[in-house]
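Okay, here's what each chain looks like letter by letter:
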Amino acid sequence: MAEPTPPDAVIPTRLEISPTSKADATVLALCGELDIASAPGLERALDEFGASIPRRLVIDLTDVTFMDSTGLRALLLARQRTEDGDHELLLRPGPRQVQRVFELSGTLERFNFQNPPAGA
Amino acid sequence: MQAPTIHLKLESRPESVAMVRAMLAGASELLELGAELLADLKTAVSEACNNVVMHAYGEASGPMIVDFVAAPDAVEVTVRDCGDGIRDSAPAENHVGVGIAVINALAVRAEFLTSPAQGTEVRMVFAYNRSDIAALHRDPRETQVEPAAVVDGQVVLSVAPVPLLAAILGRLAGAVAAQAYLSVDRYSDLYLIADGIASHAAEFASSDTISVGLSAGARRLDLRVGPFPPGTASQLQSVDPPGPASLHTLLVDQVSAEVREGAETVLFTVVDPQARDAAER
Numbered sequence: 044m045a046e047p048t049p050p051d052a053v054i055p056t057r058l059e060i061s062p063t064s065k066a067d068a069t070v071l072a073l074c075g076e077l078d079i080a081s082a083p084g085l086e087r088a089l090d091e092f093g094a095s096i097p098r099r100l101v102i103d104l105t106d107v108t109f110m111d112s113t114g115l116r117a118l119l120l121a122r123q124r125t126e127d128g129d130h131e132l133l134l135r136p137g138p139r140q141v142q143r144v145f146e147l148s149g150t151l152e153r154f155n156f157q158n159p160p161a162g163a
Numbered sequence: 004m005q006a007p008t009i010h011l012k013l014e015s016r017p018e019s020v021a022m023v024r025a026m027l028a029g030a031s032e033l034l035e036l037g038a039e040l041l042a043d044l045k046t047a048v049s050e051a052c053n054n055v056v057m058h059a060y061g062e063a064s065g066p067m068i069v070d071f072v073a074a075p076d077a078v079e080v081t082v083r084d085c086g087d088g089i090r091d092s093a094p095a096e097n098h099v100g101v102g103i104a105v106i107n108a109l110a111v112r113a114e115f116l117t118s119p120a121q122g123t124e125v126r127m128v129f130a131y132n133r134s135d136i137a138a139l140h141r142d143p144r145e146t147q148v149e150p151a152a153v154v155d156g157q158v159v160l161s162v163a164p165v166p167l168l169a170a171i172l173g174r175l176a177g178a179v180a181a182q183a184y185l186s187v188d189r190y191s192d193l194y195l196i197a198d199g200i201a202s203h204a205a206e207f208a209s210s211d212t213i214s215v216g217l218s219a220g221a222r223r224l225d226l227r228v229g230p231f232p233p234g235t236a237s238q239l240q241s242v243d244p245p246g247p248a249s250l251h252t253l254l255v256d257q258v259s260a261e262v263r264e265g266a267e268t269v270l271f272t273v274v275d276p277q278a279r280d281a282a283e284r
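Those protein sequences? They're chains S and Z, same order as listed.
Everything in the first sequence is counted per this note's numbering, starting at 44 for the first residue and increasing by one.
Everything in the second sequence is counted per this note's numbering, starting at 4 for the first residue and increasing by one.
Same shape as in the complex, but just chain S (with noise of 0.2 Å):
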């Protein structure tokens, strides 16, 4: 059951994780800033896959509104749990400050970014 919202859900600087399962992929949609104080969030949601990871992750930035080094970090780490050849982490791509990040940080190449299927 889902527990009470606390008054706080709707300060614009949270992050919001919405995981939705599909069948054959994995879906972790991200709303807000990704950042020193929430990427802890995004790595505790993957740390609860454990070792049931889905085969195939896709990690929605569409809605990310800002994202610094400590948010690509906990990507980076997505990429590292899905390397093993039997897993796929697929990213959609962020506004233009978070895809900036993937370019300053030479990270741009390490990831594969899904665009999203038109009119969704």
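Hints listed in this document are in silico derivations from the structure and should not be mistaken for laboratory results.
Don't take each hint at face value.
[As the list claims (entries may be wrong)] Selected chain S positions facing chain Z (in silico; Cβ < 7 Å): (1) L147; (2) S148; (3) E152.
Even glycine gets a Cβ: it sits at the ideal position worked out from N, Cα and C.
Fit chain Z to the known structure of chain S by using the hints.
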């Protein structure tokens, strides 16, 4: 004529970095810096702040100080701490290297100064061109943000000239309120309260610099604002009938004054009704 200046002092905690970005967003809006420069500022300044949070005080926390100056051809942001400097024993963590690379890529000039006695300072200069920026000054007298602010709080903001406050206080108060678990209603009231405080500050402030100390407690937020001429708080309380300018005094739960060295600091306290209900039960 001096450039618009902002001084922000906070605790080096992960949650504080979003408050610094809130300040940058407010300043950028008022000074019309543009979306691209704002994104660069947020990205680079956050990395400098992250380093303070993660490395300046070991496992503990301490002061994190951010200074922002908008000159006609450049924005300069300095992030400082009072820690032990970058220690040789600091682990060569990858994200620290990434953070520094990001700062170097976005700033036209970045300096990293560190010493065991004086902590670490990262000074970043971002280029842009706004020759009219000095026109924001109503008064060309010397404008100086004093490092020793007249107010105290968990977060202390000082701005010069005073009208800068209007753009920054609402956003910053919102970010600080996140720590106080204010309800949605009180959270939206904060913007009205901040607007009211900023308009009073622009009218009554007794110097070119205005300081606000923000402290979040258990479901309450205190805003200490000054310096004002003595009598400002009672003037705010006695507005009758209340007009639009005093709207914020109707929304705050308490207004009180403290006079120190001939100047008054006004304390606005915002309490969440839910917290009050819980206490009355």
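Consistency of the hints with the structure:
A least Cβ separation of about 5 Å between S:L147 and chain Z falls short of the 7 Å threshold, and the interface hint therefore holds. Annotation: S:S148 was flagged as interfacial toward chain Z, and the flag holds, the nearest CB pair being 5 Å apart, inside 7 Å. Hint status for S:E152 relative to chain Z: violated, with the closest Cβ pair at about 15 Å, above 7 Å.
Hint 3 from the earlier list is the only one contradicted by this structure; the remaining hints agree with it.
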